[in-house]
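Asks: The sequence shown runs contiguously to residue 179 in the working numbering.
Derived DMTMM-like pairs: lysine to aspartate or glutamate, alpha-carbon spacing no greater than 20 angstroms straight-line:
| no. | residue 1 | residue 2 |
| --- | --- | --- |
| 1 | Lys20 | Asp4 |
| 2 | Lys85 | Glu54 |
| 3 | Lys23 | Glu55 |
| 4 | Lys23 | Glu81 |
| 5 | Lys20 | Glu55 |
Calculated directly from the structure, the hints in this document are not laboratory data.
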Amino acid sequence: MLTDDKCFHFADGRKASSIKELKEILNQMSEAEFRHHVNNERNDFANWVEGVFEERKLAQNMREVSEREGLIIILNEFFREKKHKMKSHEKLKRLIIPKNKIISQGKEKELSGKDIKGIVDEAKHVLSQAIHKTTKKPKHRRIEHPDYTKFVVKEFIYGFVLGLIFGLIMLGIIFNLKP
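Using the sequences provided together with the hints, build the complete structure.
Replies: Okay, here's the thing in structure tokens:
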């Protein structure tokens, strides 16, 4: 519950201590009183929601409307979203904490060395299985490549012989040209 200085005080003396109470009073409020709090220069409701409850998104949406009915629609949508979030939170909570497992509130028993060793061995076994599954290497298949080495050696020999013959011819031409 809010302290009196944080409550929203209406022009007619009523006060609201929650966003829900604000919505209820908005439903009963006269148009003149609404215009006292919401006009072109200010929106007291949005300022209060942002300042006290730190609901910036809701306050921003409230500032975008200047009609009482629009403000009520925005507040209804806010409560609908909030209810939906709470339901999804409860579903998540049920998924995380299974009902059939009861957590003991009693004193915890001390584990013996044998119990600890058993737990550690089981954890090692589970970990090694997980590592084996993730690092499992595929079976190696021999890939048949054509035998290119014979072709390369044959070409090398032909090139070497041709180069040698060409070199000898050039050597003979050079010596024959000299006087």
